[in-house]
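Participant: Sequence:
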Amino acid sequence: MMETKEYRLTDICDFQGGTQPPKEEWIDEPREGFVRMLQIRDFTQGKEEHIAYVKDTKKLNKCNKNDILIGRYGASVGKILTGLAGAYNVAIIKTIPNEKLLSKRFLYYVLSGKNFQHFILNIGARAAQAGFNKNDLSLFKLHVPTSLVDQERIADVLERAQYLIKKREKSIDLIDEFLRMKFLEMFGDPVRNEKGWPQKPINKITKVGTGGTPSRKRELDYYNGLIPWAKTTEVDGSYIYDTQEKITELAIKDSNCKVYPENTVLLAMYGQGKTRGNVGILKISSATNQACAAILPSNNINQFFLFHALKNSYSHLRSLARGGNQENLNLNIVGRIQMIVPDQKLQYEFEQIGEKIDKLKSLYKNNRRVLIELSDSLSTKALRGDLEVIKRDSIESTANNESKRSSTDIAIDKKNKSLADFHKLQGAIGAPKEIENKIGKLEVELKIRGEIPFWEEYVKYRLVKGKFKEPFTFDQLWEEITSFPFETIPSYDKVSNMVFKWLAEKDAFIRQQFNASTKKMELIVNETAEA
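Position in the sequence shown (first residue = 1) + 8 = our numbering.
The hints are simulated quantities; they were obtained by calculation from the structure and are not laboratory data. For glycine and all other residues, C-beta sits at the position ideal for the given N, C-alpha and C. Be careful, since some hints might not be right.
[To be verified] Pairwise CB distance ranges, derived in the manner of DEER restraints:
no.	residue 1	residue 2	range
1	Arg-326	Glu-478	21 to 29 Å
2	Asp-184	Ile-380	57 to 65 Å
3	Leu-304	Lys-282	51 to 59 Å
4	Ser-385	Glu-177	54 to 62 Å
5	Glu-37	Asn-72	19 to 27 Å
6	Ser-246	Thr-52	20 to 28 Å
7	Asp-36	Lys-122	55 to 63 Å
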């Protein structure tokens, strides 16, 4: 049993507020005798154009790179900041833990955890301006392992969890980037139209509408209903499956609101910051407010294609805005937007690629959600002192999410000698000499041990080029890989990423093609394809 002790946070950690020299004393370039003046945006925005310096004096409170700081006010209240050295302003408070009792790394994950974050936000919600002071922090209690070794061990696991969460988020971003690049590869820039596609204004392709805002004075009559009501804050370049607010049938009747069908593309005509020009696509029937243009589904264009064409025209859409103090788009401007109209078959092919990518993205998002839940659970247990054993394995197994097939099924497949024999008899087709030599060594290992390590080049030259003489689907490749006697079965998303990488290579050895009879996308080895 891990021994823990309960403390008030301020019993084992002191806090030091920042200092705020007059703005006229700040300079924007380093100089001898000056020190960097840290603001919250230095930690959150990662940009260097706003770096400021102030004269170094004893009055300044300063931090080192490994110090843990907390955002004190406003939208950044509770943000945990670290990694920069210098003086820091009054919007930041520095932690000074008693390191004989409290590891800095353990403290970091306590402060980043759900319990402390909820605590800070609740304190901020009670004030006129979201914020907290040192006395507020004395109300927070936590259980701390008496052993610093145990604290570091817990920090190791939670650090790994955060790493995997960020890695999964990066994977999601890469998938979005892949789809963007695929669009540009197939259709080119939708604004410049370097591929010379036919063009039409949107209002000649489909209908464009907007919505309204039911009176807030009749909150009970018009709001808290069952009809989704989308606002521009929810139009953020992705699918819209739900809305923050719901309105009533009476609200529809008494206002300019209309209910638009699923697959309607929404375009933000105005809004705060970067909102104007953003697009979203409804995956539910929903009404909208008047800041959204609703571009309805039509047989004249594929809505998935239209959504991505507009998404890839963001800067151009923003440039079309007109007005005085606040530039906006309007329905006339939206209706006149020139839209490229490629062949419908090609639009459909892009949608099919998108569907496959969406499935992979959903897997990634679900995996990220599970990792966050697991990390929160471990953090909460550690804080309560309930955590007896904490292992990296519990995080790793969740992140890897290897094949859903049972170990029994995999073992049976590994005994499938006829399949193994088939691959052993195949020649290494077109492999460079060094790869062919390694494949030969793996064949010997396969013969002796009955299994070999998973290797991408082996899959490429043995399974793909050796097996698939005709067009094949991704599912067929997945089945081939998972039934082959590899030591470990790779995850579905690992194989998907491998195929995406192959397709994106300059001299790709495989390509995609649309099968009109099956209505499916297929893969084909380029050297076996017809010219």
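Participant: Compare the structure with each hint and give your call.
Facilitator: Against the structure, the hints:
Taken as a hint, the range 21 to 29 Å is violated for the pair Arg-326 and Glu-478, whose Cβ atoms sit roughly 47 Å apart. Separated by about 19 Å at the C-beta atoms, Asp-184 and Ile-380 break the suggested range of 57 to 65 Å. Between Leu-304 and Lys-282 the Cβ separation comes to about 25 Å, which falls outside the hinted range of 51 to 59 Å. The hint said 54 to 62 Å for the Cβ distance between Ser-385 and Glu-177, and at roughly 19 Å that hint is violated.
Checked against the hint of 19 to 27 Å, the pair Glu-37 and Asn-72 passes, with Cβ atoms roughly 22 Å apart. Between Ser-246 and Thr-52 the Cβ separation comes to about 22 Å, which falls inside the hinted range of 20 to 28 Å. In this structure, Asp-36 and Lys-122 break the distance hint of 55 to 63 Å, their C-beta atoms being roughly 38 Å apart.
Violation of the numbered hints given earlier is confined to hints 1, 2, 3, 4, 7; the remaining hints are satisfied by the structure.
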